[in-house]
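Colleague: Guided by the hints, dock chains U, Z and L onto chain S, whose structure is given.
Chains as they are written, first to last, in my numbering: chain S, 1 to 233; chain U, 1001 to 1233; chain Z, 2001 to 2219; chain L, 3001 to 3219.
Derived from the structure by calculation, the hints contain no laboratory data.
Cβ coordinates follow ideal geometry from the N, Cα and C atoms, glycine included.
Just so you know, not all the hints are guaranteed correct.
Chain U is faced by these chain L residues, among others (derived, beta-carbon under 7 Å) [claimed, not checked]:
id : residue
1  : PHE3056
2  : GLY3079
3  : SER3081
4  : ARG3093
5  : MET3144
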Amino acid sequence: MNKVYNHAVDAIADINDDAVIMLGGFGLCGIPENSIAALVKKGSKNLTCISNNAGVDDFGIGLMLQKKQVKKMVSSYVGENAEFERQLLSGELEVELIPQGTLATRCMAAGYGMPAIFTPAGVGTEVAEGKEIRIFNDKEYLLEYAFDADFAIVKAWKGDTEGNLIFKDTARNFNPLMAMAGKITIAEVEELVPAGELDPNQIHTPGIYVHRIFQGKDYEKRIEQRTTKKLTD
Amino acid sequence: MNKVYNHAVDAIADINDDAVIMLGGFGLCGIPENSIAALVKKGSKNLTCISNNAGVDDFGIGLMLQKKQVKKMVSSYVGENAEFERQLLSGELEVELIPQGTLATRCMAAGYGMPAIFTPAGVGTEVAEGKEIRIFNDKEYLLEYAFDADFAIVKAWKGDTEGNLIFKDTARNFNPLMAMAGKITIAEVEELVPAGELDPNQIHTPGIYVHRIFQGKDYEKRIEQRTTKKLTD
Amino acid sequence: MALSKEQIAKRISMELKDGYYVNLGIGIPTLVANYIPAGINVVLQSENGLLGMGPFPIDGEEDADLINAGKQTITTLAGSSIFDSALSFGMIRAGKVDLTVLGAMEVSDSGDIANWKIPGKMVKGMGGAMDLVASAKNIIVAMMHTNPKGESKLLSACTLPLTGKHCIKKVVTELAVLDITEDGFKLMERAPGVSVEEIMAKTAGKLIVHGEIPEMQFD
Amino acid sequence: MALSKEQIAKRISMELKDGYYVNLGIGIPTLVANYIPAGINVVLQSENGLLGMGPFPIDGEEDADLINAGKQTITTLAGSSIFDSALSFGMIRAGKVDLTVLGAMEVSDSGDIANWKIPGKMVKGMGGAMDLVASAKNIIVAMMHTNPKGESKLLSACTLPLTGKHCIKKVVTELAVLDITEDGFKLMERAPGVSVEEIMAKTAGKLIVHGEIPEMQFD
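Same shape as in the complex, but just chain S:
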């Protein structure tokens, strides 16, 4: 059973119009750059994208927005993107805003085969509208459902031919959660190694969750907020 693909284009070839896809990353950190480029090239339309953010105008999911490939964004925060705002205000784009922890946990729930979870996030706010509230230990919780995505597309640091993934620093973020949650999970990695090279104790995402893997290239890894201090500080 070969999980290894040579190119992003092949790995995403069956992501067609109307697909529900998850995309890993937080801001521009840890986003699947190669897969996004391939999706833009393929041009699939009417996509529902579950992703914490929507990229910036000319990078990340912003590139898909430019080509009007996205019907709906399911995110926790969608600032930093003028084209996004334009499509939203004109009614071309639908947005569902979800608290960040709820978003993360609904991905995890899918990977753990839990159909729903309870979280207090959003109780007493418009997020709770129409949702079931349940009290445990005198505290109110919302019932939130596991996500159901056709594809999850994630970016890892290293991966092996069995689909095992290791993430680097805070580029981990939503990636391992979404990797668990896709009906088909596609992982792009900076370095693809033969099975056996990764320490079994250090795997973040076991290969059972990953259906396709390829080594990406030319990562730009754009920085959204470059904050530094002088050596003399």
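Modeller: Chains U, Z and L in isolation, oriented as in the chain S frame:
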């Protein structure tokens, strides 16, 4: 804020009669040997022990059973222990049997601040008696509650002074889950290192969940089923 | 002639497909690992927290920190991964494990299974069995057709406390391969030389016999 | 004299205790990290998945793979740990984070907070704010006492869409430190030289003033 203790005896000094404690390990693999020895020495009685297994007659939790320190075991499998069986049949010991995945997930739920989870395990069996059943996508699930333990006692391979833990091989098992679930979590480690020596990307249990840590000694690591093959096989 | 335990395991191994993730229970199911067909790659899951379970270690190389769900010392393989028990049951619950093979005391013709408790006897616990049977999409039971008293273990309703309901898809015994369908046990194959009549006589639950029943084929 | 933003942060830093795990929001809350009192150790959590957030990297050493929840490049420290965003909010939800400091547009005298949405304006989203306010045991709001129009941000009821209900424990503004009690805002401290009358005038919600209100003390 110093989390480091020198001896198991100090780390468990306030585990008194009637405490509810979790003990990591699967079978005899990855059990907190030093803490168990200290608990036996301290002699606290009427303990409720949440642990996947109950050790063997002369090792693991079996040592606490010998001294009649345990009022109730909450486990998934309790074979391999004659004294356990004697106490159970004589009515001295109470046992609550829980499916293994439910046990693991109820620990995890506590660590994730989720008051309850849904699992199909036990539907249609006596495990479901008195429990709430809920249907999602035409499948029945039981509502199971997060554990509430006074203390969690776990065993890790390496730990640092901030309480970060790394487990080795299948000695991981329930340990990171219980580490997340104790009101007070006590970790014994084979090797305690200064903060900064462990790779932040390889931490299995972040130190925020660990309140006390000490370097154990004289690990016996008894093997329950020694299965090997000859070099010539 | 009735199959040996090894032959039951071998017959079950023919259900394996390339790329399958498989969880094997204790007893006959464990033996299935010895008969993985050439040319296919199967990854064994151990529910204490391991994917890619390897063979027993060479004498002297056993490691107390590396055991399987049967508490036996084992090894890892190239591509193995280790995780905690919640993720282990998480991937089971999420349906990522393609095939589960386990033993049973009784199976009913509606797919119920009893394999953890005998009233009046010391109860050791269900371990991970209830999670496995409730979650796996594809469960094969490996067991003897009758109990030591000669009574059928394939029943219209289980008499022992259940491990799970409506979950078993297939049963392989020393006598037969049976699919569990909406109408009951459907006889698919006979052990070589075993008659349909013997299987009918030893099956207490509803048994469907359609047409000619082929003998199992072993290489 | 009203406090500067830095002074608000400094006053909040006095609430820190040794061993605290702290989540600091964007804006004034971020500045609190600059005033951690000597002799105490505080671990900063960043909800994208980091415990032990260090300072900004030295010029040229920034790493796109290492950012905080404000998407700024940062560093790790000795003892840091990295995890996924579900575990990050898991530890928040489980009450393991001792203190959360965040900004607000409005706070009510019953502890409600509004800080994510202004009707009629482009809504960027709540990010992790709703999770934080719903889960943290100990939340301090750092904000200006009034909005740019001079209207009080401390109200009897929030007018903007809520981020969370009954969750804020303390508010520190450029004028005052206020605890939120069952009876409303309780004035605890005044900024140096700011009168109780001014605070009363600029507080629209129920304000409790008991006895002499001390001035904040800075070193």
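Colleague: If a hint holds in the structure, say so; if it does not, say that too.
Modeller: A quick look at each hint next to the structure:
1. Below 7 Å, beta-carbon pairs count as interface contacts, and PHE3056 of chain L has none with chain U, the closest being about 17 Å; its hint is therefore violated.
2. Here the hint on GLY3079 of chain L is kept, as its CB sits about 3 Å from the closest CB of chain U, short of 7 Å.
3. About 4 Å separates the beta-carbon of SER3081 of chain L from the nearest beta-carbon of chain U, less than 7 Å, and the hint is met.
4. Annotation: ARG3093 of chain L was flagged as interfacial toward chain U, and the flag holds, the nearest CB pair being 3 Å apart, inside 7 Å.
5. Evaluation of the MET3144 of chain L hint against chain U yields a violated restraint, the C-beta minimum of about 32 Å exceeding 7 Å.
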